[in-house]
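With our numbering applied, the sequence shown has no gaps in its numbers, which climb one by one up to 606 at the end.
Everything labelled a hint here was simulated from the structure, so no lab data went into it.
The structure displayed is predicted, hence computed values, not measured ones.
Have a look at the derived ranges for each label pair, beta carbon to beta carbon:
no.: 1; residue 1: LYS471; residue 2: LEU543; range: 25 to 35 Å
no.: 2; residue 1: ILE587; residue 2: THR566; range: 16 to 26 Å
no.: 3; residue 1: GLN469; residue 2: LEU537; range: 15 to 25 Å
All residues carry an ideal CB built from backbone N, CA and C; glycine is no exception.
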Amino acid sequence: MKGKSFGFYGVLVAAVLVLPSLGFAQSKPINVALFDPIQIFPESTPITGLRINLIYGNNVSMLGLDWGLVNAVGSGGMTGVQWGVANVDEGNVLGFQGGLLNMTKQNFEGFQYGWVNIGHHVTGFQLGLVNYAGSMNGIQIGIINIIRTGGEFPVFPIVNWSF
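Please work from the sequences and hints to get the whole structure.
Following this line, the structure appears as structure tokens:
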């Protein structure tokens, strides 16, 4: 029994010593923004949990639920769900984006749903009026579908794909 409790405490001590060096200690569980820079935590702070952007919020990275009018994430990327009028990401995105405009400047993996969906490299599914992918491994459904490199068609209405 002592060995098991020592093992648990050993893992706990190791986690306390190792996790801060991985950057988890700097992450905050919630952020609320009126507009950047008027937000609880500054742009340089990673958020792991919930972010509410009343007008415009911006953080270096986001893991969790990102909700608001304009949701911006820096080069650290976004993992989770973004729901807003505009979702703009400088880094990679893994998950779901829903809004009028969804724009990922790096790799997007998951499902984009909106009027205009834009991704540098998209793996997954885009559903919108206008869908754009620099390259794609997946399907686009919309009025205008553009896959710049490697698509079945460079531009095609209703449905386009690349696998």
